[in-house]
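Novice: Use the sequences and the hints to build the structure in full.
Protein chains in written order, with numbering that gives the first Met the number 0: chain U, 0 to 340; chain B, 0 to 340; chain Z, 0 to 340; chain E, 0 to 340.
Be a bit skeptical, because a hint or two may be false.
One copy or any two copies: either way a pair holds, since identical chains are not told apart in the list.
[Unchecked claim] Quick list of in silico lysine to aspartate or glutamate cross-link-like pairs, EDC-like style, CA-CA up to 20 angstroms:
1) Lys118 to Asp106
2) Lys50 to Glu61
3) Lys6 to Asp79
4) Lys6 to Glu75
5) Lys27 to Asp195
6) Lys67 to Asp7
7) Lys67 to Glu230
8) Lys27 to Asp304
9) Lys115 to Glu17
10) Lys115 to Asp179
11) Lys202 to Asp151
12) Lys70 to Glu21
13) Lys70 to Glu35
14) Lys70 to Asp7
15) Lys67 to Glu35
16) Lys202 to Glu35
17) Lys70 to Glu148
18) Lys27 to Asp108
19) Lys154 to Glu61
20) Lys115 to Glu156
21) Lys67 to Glu54
22) Lys6 to Asp108
23) Lys50 to Asp304
24) Lys70 to Asp87
25) Lys50 to Glu215
Hints in this document: simulated from the structure, not taken from any laboratory.
4 protein chains.
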Amino acid sequence: MIVVMGKDSSPEQLAEVERRIESHPGLKPQVFHGVERIVVGVLGTITPDLKDEMELLPGVLEVVLISKPYKLASREFHPDSSSVTVGDAVIGGPDPVIMAGPCSVEDEDQMVSTAKAVKAAGATVLRGGAFKPRTSPYSFRGMGIEGLELLDMAKQETGLPIITEVMSPRDVDIVAQYADILQIGARNMQNYNLLDEVGETNKPVMVKRGLAASYEEWLLAAEYVMAGGNENVILCERGIRGFEQFTRFTLDVAAIPVIKRLSHLPIVADPSHSTGRWYLVTPVALAAIAAGAHGLLIEVHPNPDVAKCDGPQSLTFENFNRLMDQARAISEVREQPVEVP
Amino acid sequence: MIVVMGKDSSPEQLAEVERRIESHPGLKPQVFHGVERIVVGVLGTITPDLKDEMELLPGVLEVVLISKPYKLASREFHPDSSSVTVGDAVIGGPDPVIMAGPCSVEDEDQMVSTAKAVKAAGATVLRGGAFKPRTSPYSFRGMGIEGLELLDMAKQETGLPIITEVMSPRDVDIVAQYADILQIGARNMQNYNLLDEVGETNKPVMVKRGLAASYEEWLLAAEYVMAGGNENVILCERGIRGFEQFTRFTLDVAAIPVIKRLSHLPIVADPSHSTGRWYLVTPVALAAIAAGAHGLLIEVHPNPDVAKCDGPQSLTFENFNRLMDQARAISEVREQPVEVP
Amino acid sequence: MIVVMGKDSSPEQLAEVERRIESHPGLKPQVFHGVERIVVGVLGTITPDLKDEMELLPGVLEVVLISKPYKLASREFHPDSSSVTVGDAVIGGPDPVIMAGPCSVEDEDQMVSTAKAVKAAGATVLRGGAFKPRTSPYSFRGMGIEGLELLDMAKQETGLPIITEVMSPRDVDIVAQYADILQIGARNMQNYNLLDEVGETNKPVMVKRGLAASYEEWLLAAEYVMAGGNENVILCERGIRGFEQFTRFTLDVAAIPVIKRLSHLPIVADPSHSTGRWYLVTPVALAAIAAGAHGLLIEVHPNPDVAKCDGPQSLTFENFNRLMDQARAISEVREQPVEVP
Amino acid sequence: MIVVMGKDSSPEQLAEVERRIESHPGLKPQVFHGVERIVVGVLGTITPDLKDEMELLPGVLEVVLISKPYKLASREFHPDSSSVTVGDAVIGGPDPVIMAGPCSVEDEDQMVSTAKAVKAAGATVLRGGAFKPRTSPYSFRGMGIEGLELLDMAKQETGLPIITEVMSPRDVDIVAQYADILQIGARNMQNYNLLDEVGETNKPVMVKRGLAASYEEWLLAAEYVMAGGNENVILCERGIRGFEQFTRFTLDVAAIPVIKRLSHLPIVADPSHSTGRWYLVTPVALAAIAAGAHGLLIEVHPNPDVAKCDGPQSLTFENFNRLMDQARAISEVREQPVEVP
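Specialist: Here is the structure:
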């Protein structure tokens, strides 16, 4: 940590800054007089609230954090890439893992037919929402436990492991009985009680990026889960809130190589939610694969125009087949792994 | 709702759009042939998922919602302004209500001294966090129930009603035993299980705007609480995520008159969290009052430089006194109420 | 255009709306009474300022534009894709066109060696800045006309056509003498005098997306150039301003298929400026190709660490060679063209 | 400047960083070994391109600028507040200066009647656009020189000095013949040739904040003008591009006290363009005054519903009168000046 003071700070102000640093066990100040600033380096392991304390001292202009606030999620402290294995899928391995299925679980026929179709096309994880976060209280909010049972039925039929969202700390136990991967939605990325709770399970957790989350906040959300003892974390870029309203969100494709550099955790992309329009899903999915994503989350529905949720962004079986062919072709020619120095 | 189709849509495509509309009980299409587009108006009460359904039909270019998706929170359906009364404070009345206190509850002395100081300066609600959402799992996360007890002690001493945050559906009951207003933090604005749960209590609820929430999403979060039967909702503008990092967030001051126009609910502002720097709190607080805010949420701490949380944005007692004097002066000269036609 | 009025608008207010519409030659209103709204459709060709006029009439809640405000740039009015040919490069054809070179022209040796290296690797257009927009007045602002002459020298040596930025209407003539493509920088996307001026030349123009430009504003900037009579326009996605500061800008990869759907103009991407970090350039470049971009703009420098401008985002010759190999492999397996229905 | 290196950087890498720093005349490195990082402070006056150079050296993780890149615009180098005087208006003095008038100059009657009305209400500067930046090439783009003559006529009648926009370096001379303040529009904030050109005049210049400009970029735009020798610069907050589309832009009210702290230049606000809706103009204008703005730019039109440009955000004479009464009342009770420590 670097404490920046004005050139005209008084000796007393500087002394107080030094005294405060030394009042924390294990910390030592090192002063350095520049042309326009006095800079005080802080030697030792910084506690997260120290920045706030120093910023308020008289004469201090700015406090700059030099180390990253996340450790368990950081590549610096864990240079080898991690992977998460569920069923036949290795998320974080050389091949992209495709997780596909409907936005919402609706009925047995829809789930089983979709599961079979996406498996036949090459998907190795089945997605489907039983508990749905909806912007309006009057929208369909999912089938709940009954939906979990239908997911399980589709799993029995196809062997595909299940990824499904959990929205509340109270539901973690029941969802974990059915799910192979627990999904934390974008709107819950900073629902810290929920992160704590899934951190105490032994199920892999996918943390979707919040609509307005910086890379650091996102990795700190992963850190919450890992600090609870659960190291099987997958990150998912699903688009951030921007000023353009033609697409629902703006997929930040550079997040994929950035996360690979900052963290050892696997990173996948969700082109369905980010674009919100089915005809944009394939080009954006291919972009994510080319940029090095470890997988994709794709909404597929037998009849998108009667889907109970997010129909406009769902692919038909036929469109999904075409996406899979192209994704496979690109993943075969991309470097394995895409190197991020 | 308006369904926009291309000029060159086929008669069959148009017929299918009409058939779909009519398949919903109570809905009727009305077609209108423009120069560059065919426009189909939908007569009747629209369900929230109809837009998704129509967007996917062949020939449809765009679907435009004309009515607002929120009803209970809407001024259109409830023209008279609402107010929420706790203790001596009427939030939504002619005078701005100042809710002040420390970011985190730390100890009895801090709470009681702060409560007395803010009361003496004119605050009529005491704020203080017992459950704290923190970006890093390693930051101080609040005293929990012990903190609620200290808040209660300060309430007994001063008579000030309490506003405090609740972060998890599981904690709603216990927090509601102590709090006079339940605060939903910005990061939980779309934590729908939590909104449902506070909607079932009889305590007033303050819904802070999410970091990336549109006005409509924010009002729909209020609608969640109200749909549960709890109509005592207060909105709080606390800054949105923007590209400028000098301030923590960007306070959207226009949100105050916009919300007064779109909704009958009272609206307050939080200049402490939005700016993140104590020397910006007073000017931004005064701006909010001048724009017509029904109140303010202000962080005050006896010694900001040793605060366990958010010290840099806390005011000393002396600075808070000065803010109160200026806020009072401005509220006396502003029109009562600031008219939003 | 759709004029939305409240259900309780008076007959006089509705009559005035109808009268105003009819006062414009060729326009006719069509009224339609919904459950919560009265909607007035406007038949005829809308002038761009009519929306403003209607919004102010008493009883009007909202005015919704149904048609697009751009025509010449629109795919709707020009269904076949356009392409721009310079030298051996066909921008808008099946193969992505790589435009590479240094951010700034610095000296003959740098320009000629870079031109030879990028040509050998497969680039077919040479980029290089002679007039440089710099955030600080104290940064190196380019060599000006001398830089144009060095570009020309490199063109003579290699046969590569030149793309270079023009910043001022006054410089259009001189830059057009040297350049094969005139580049309008992101900061000048709404410099309308400059757009007018390049619209009057017969040189192809590349319009970079403004830092905060919507798709519509960007296509309207292209429309300015085309309205001047110059139809050889190329669009370039170069990243938008977002809240994340780790990358310089946020490349909006979905813009590529969106623009292909809304417009017939070719669209390329600039991964160098958007990421600002050389190790992100290749993955983001490959993403753009996979998403269907017609080309790339890549900064290459013999010695990035002594470049006078934007060194951190420049590739060495070796890194550029590797990018080209991978881009070629992906473009060979992507569908030709990537279909955007 | 601070160069941050990894703990495991080699001695050679550190030596190269030191060598590079020393290769710049007047610069000296000072090394400091932390627990997780090696930090190298750079002593001396930093050139703006040095950051780029250092970022690329092997072993360097990050380069942090400690000093501000602007000097002439900085309060640090110029502690006393500046003011700009035109006619009876002192922008930067204790009283807010109201600059009012129509968006576009349309005809003599409109200009003269508006000038008289705004003068009677207390405005001391007349605004009006002769050269108009419009998003669409098909919108009304202003009367040009004829418009300047009409502005002059209104000035002769009322004695009010004129503020009007200049869009192109070529027009600076002619506009400067008529204008008392040259306005640089938001879309031209980084049109550096234009900034250079107005920097060479002796007319006061108002620099509007770009739609996506950080505080630093905005102050650097002012620095461009001042570096040309023209120190009479006024800054104008006019709203930034955000995700909410209900208002045209998001007025960043905190910018007012931030700029007062970072710079000595006067700062005014434009609530008309930022909100885009006349009924939001007054509350946002009052907010700006309460936050300490040195003035306001307000659009006023005799008949907003037939205005040729931006009618929806224009006030009638009557509404402007009411705004002036309230603004005066608030400016009388606000501290003079609002202190920004």
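Novice: A separate judgement is required for each hint: does it hold in the structure or not?
Specialist: Hints versus structure:
no., hint, in the structure
1, Lys118 to Asp106, "within (18 angstroms within a copy, 58 angstroms between copies)"
2, Lys50 to Glu61, "both (9 angstroms within a copy, 19 angstroms between copies)"
3, Lys6 to Asp79, "between (43 angstroms within a copy, 18 angstroms between copies)"
4, Lys6 to Glu75, "between (34 angstroms within a copy, 10 angstroms between copies)"
5, Lys27 to Asp195, "neither (33 angstroms within a copy, 48 angstroms between copies)"
6, Lys67 to Asp7, "between (30 angstroms within a copy, 16 angstroms between copies)"
7, Lys67 to Glu230, "within (18 angstroms within a copy, 41 angstroms between copies)"
8, Lys27 to Asp304, "between (64 angstroms within a copy, 19 angstroms between copies)"
9, Lys115 to Glu17, "neither (66 angstroms within a copy, 33 angstroms between copies)"
10, Lys115 to Asp179, "within (18 angstroms within a copy, 53 angstroms between copies)"
11, Lys202 to Asp151, "within (16 angstroms within a copy, 40 angstroms between copies)"
12, Lys70 to Glu21, "neither (24 angstroms within a copy, 34 angstroms between copies)"
13, Lys70 to Glu35, "between (34 angstroms within a copy, 12 angstroms between copies)"
14, Lys70 to Asp7, "between (37 angstroms within a copy, 17 angstroms between copies)"
15, Lys67 to Glu35, "between (27 angstroms within a copy, 10 angstroms between copies)"
16, Lys202 to Glu35, "neither (53 angstroms within a copy, 32 angstroms between copies)"
17, Lys70 to Glu148, "neither (37 angstroms within a copy, 34 angstroms between copies)"
18, Lys27 to Asp108, "neither (66 angstroms within a copy, 31 angstroms between copies)"
19, Lys154 to Glu61, "neither (54 angstroms within a copy, 37 angstroms between copies)"
20, Lys115 to Glu156, "within (8 angstroms within a copy, 59 angstroms between copies)"
21, Lys67 to Glu54, "both (18 angstroms within a copy, 18 angstroms between copies)"
22, Lys6 to Asp108, "neither (72 angstroms within a copy, 37 angstroms between copies)"
23, Lys50 to Asp304, "between (52 angstroms within a copy, 10 angstroms between copies)"
24, Lys70 to Asp87, "neither (30 angstroms within a copy, 48 angstroms between copies)"
25, Lys50 to Glu215, "within (16 angstroms within a copy, 22 angstroms between copies)"
Comparing the model with each numbered hint stated earlier shows that hints 5, 9, 12, 16, 17, 18, 19, 22 and 24 do not hold.
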